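**Q** Here are the chains, one letter per residue:
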Amino acid sequence: RKEVEQDPGPFNVPEGATVAFNCTYSNSASQSFFWYRQDCRKEPKLLMSVYSSGNEDGRFTAQLNRASQYISLLIRDSKLSDSATYLCVVTPGTGNQFYFGTGTSLTVIP
Amino acid sequence: GAGVSQTPSNKVTEKGKYVELRCDPISGHTALYWYRQSLGQGPEFLIYFQGTGAADDSGLPNDRFFAVRPEGSVSTLKIQRTERGDSAVYLCASSLYGEQFFGPGTRLTVL
Numbered sequence: 001r002k003e004v005e006q007d008p009g010p011f012n013v014p015e016g017a018t019v020a021f022n023c024t025y026s027n028s029a030s031q032s033f034f035w036y037r038q039d040c041r042k043e044p045k046l047l048m049s050v051y052s053s054g055n056e057d058g059r060f061t062a063q064l065n066r067a068s069q070y071i072s073l074l075i076r077d078s079k080l081s082d083s084a085t086y087l088c089v090v091t092p093g094t095g096n097q098f099y100f101g102t103g104t105s106l107t108v109i110p
Numbered sequence: 001g002a003g004v005s006q007t008p009s010n011k012v013t014e015k016g017k018y019v020e021l022r023c024d025p026i027s028g029h030t031a032l033y034w035y036r037q038s039l040g041q042g043p044e045f046l047i048y049f050q051g052t053g054a055a056d057d058s059g060l061p062n063d064r065f066f067a068v069r070p071e072g073s074v075s076t077l078k079i080q081r082t083e084r085g086d087s088a089v090y091l092c093a094s095s096l097y098g099e100q101f102f103g104p105g106t107r108l109t110v111l
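Residue numbers (the working numbering), protein chains in the order written: chain C, 1 to 110; chain Y, 1 to 111.
Where hints are given, some of them may not hold.
To be verified - Computed list of lysine-lysine pairs in DSS-like fashion (alpha-carbon distance at most 25 Å, straight line): (1) C/Lys45 <-> Y/Lys11; (2) C/Lys79 <-> C/Lys42; (3) C/Lys2 <-> C/Lys45; (4) C/Lys79 <-> C/Lys45; (5) Y/Lys17 <-> Y/Lys78; (6) C/Lys42 <-> Y/Lys11; (7) C/Lys42 <-> Y/Lys78; (8) Y/Lys78 <-> Y/Lys11; (9) Y/Lys78 <-> Y/Lys15.
To be verified - For the chain Y half of the interface with chain C, some residues (derived, Cβ under 10 Å), not all of them: (10) Ala2; (11) Gly40; (12) Gly59.
FYI, nobody ran anything at the bench for these hints, they're computed from the structure.
Fair warning: this is a prediction, and the values are worked out from it, not measured in the lab.
Cβ coordinates follow ideal geometry from the N, Cα and C atoms, glycine included.
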């Protein structure tokens with residue numbers, strides 16, 4: 001079983017739409033959670049960390065559900081510039097590996 | 001300030017050849033990671049350095065892969081007897097406190 005599972009999409013949404021991505025993880029002892037964004041042929045960049053209490057950064061909201069072992073990312077009022085691949089990242093309770101999901105592709109359409 | 005840099009940006013080699021990929025982390029970052037990313041996949045962990053030592057090399061796929069970081073800064077990923085399946089983007093990341101900053105990657109193509 002993979003450490004992190006994501007729906008690869010693609011998600012094609014109109015500008016202004018709200019879109020949500022989910023990601024599940026297999027290790028209940030996982031400690032830290034992140035969402036990274038990766039543009040085509042570019043390196044991944046941190047979008048936001050995910051905290052137990054949930055956190056918001058402008059149009060982006062991240063949530064963690066430890067009981068069900070999933071994290072989510074909500075994007076409100078989608079912009080064309082939000083088009084990218086969104087990678088879910090989980091770190092285990094021990095060790096230093098970052099486990100990446102396969103990424104979810106988002107295209108925002110004018 | 002300067003980010004993580006990687007050289008070369010592209011490398012084409014023939015099956016069976018030896019290649020070296022270089023990573024220059026952000027100055028002062030003690031942790032350095034190597035990942036491999038194939039098309040349509042997320043980055044796959046290869047090895048992690050804390051300072052000069054390889055703290056976790058459990059992601060290296062086999063003994064053809066080796067990495068060093070002799071002075072605790074620049075790192076080199078070495079691949080012996082390359083195979084076509086080694087073709088991928090090799091990403092390096094560095095960090096000081098948690099967040100990993102990625103370099104642009106080296107696109108390796110093995111013919």
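**Q** For a C-alpha distance cap of 25 Å, please report whether Y/Lys78 and Y/Lys15 respect it.
**A** Measuring from Cα to Cα gives roughly 15 Å; hence the hint holds.
**Q** For the pair we were handed, Y/Lys78 and Y/Lys11, check the Cα-Cα distance against 25 Å.
**A** Holds: Y/Lys78 and Y/Lys11 sit about 13 Å apart, inside 25 Å.
**Q** Quick check on the hint: Y/Gly59 CB to chain C CB, less than 10 Å?
**A** With a minimum Cβ separation of about 7 Å from chain C (threshold 10 Å), the hint on Y/Gly59 holds.
**Q** What's the verdict on C/Lys42 and Y/Lys78, does the C-alpha distance respect the 25 Å limit or exceed it?
**A** Judged against 25 Å, a Cα distance of about 22 Å means the pair holds.
**Q** Below or equal to 25 Å on CA atoms is what counts here, so check C/Lys42 against Y/Lys11.
**A** holds, 16 Å
**Q** Should the hint that Y/Gly40 touches chain C count as held when the rule is a Cβ pair under 10 Å?
**A** Since chain C brings a Cβ to about 7 Å from Y/Gly40, closer than 10 Å, the hint holds.
**Q** Let's test the interface hint: is any C-beta of chain C closer than 10 Å to that of Y/Ala2?
**A** Not OK, violated: Y/Ala2 not within 10 Å of chain C, min 14 Å.
**Q** Hey, Y/Lys17 versus Y/Lys78, does the alpha-carbon distance stay inside 25 Å?
**A** The given pair, whose Cα atoms are some 11 Å apart, holds under the 25 Å limit.
**Q** Check the hint pairing C/Lys45 with Y/Lys11 against an upper bound of 25 Å on the C-alpha distance.
**A** Given pair C/Lys45, Y/Lys11 holds - Cα atoms ~23 Å apart, limit 25 Å.
**Q** Would the hint linking C/Lys79 and C/Lys45 be met if the CA-CA limit is 25 Å?
**A** Cα-Cα ~18 Å, so holds.
**Q** For the pair supplied as a hint, C/Lys79 and C/Lys42, confirm whether the alpha-carbon distance does not exceed 25 Å.
**A** Holds. C/Lys79 to C/Lys42 sits at ~19 Å (cutoff 25 Å).
**Q** Holds or violated: C/Lys2 with C/Lys45, Cα cutoff 25 Å?
**A** holds, 22 Å
Consistency note: the structure conflicts with earlier hint 10 alone.
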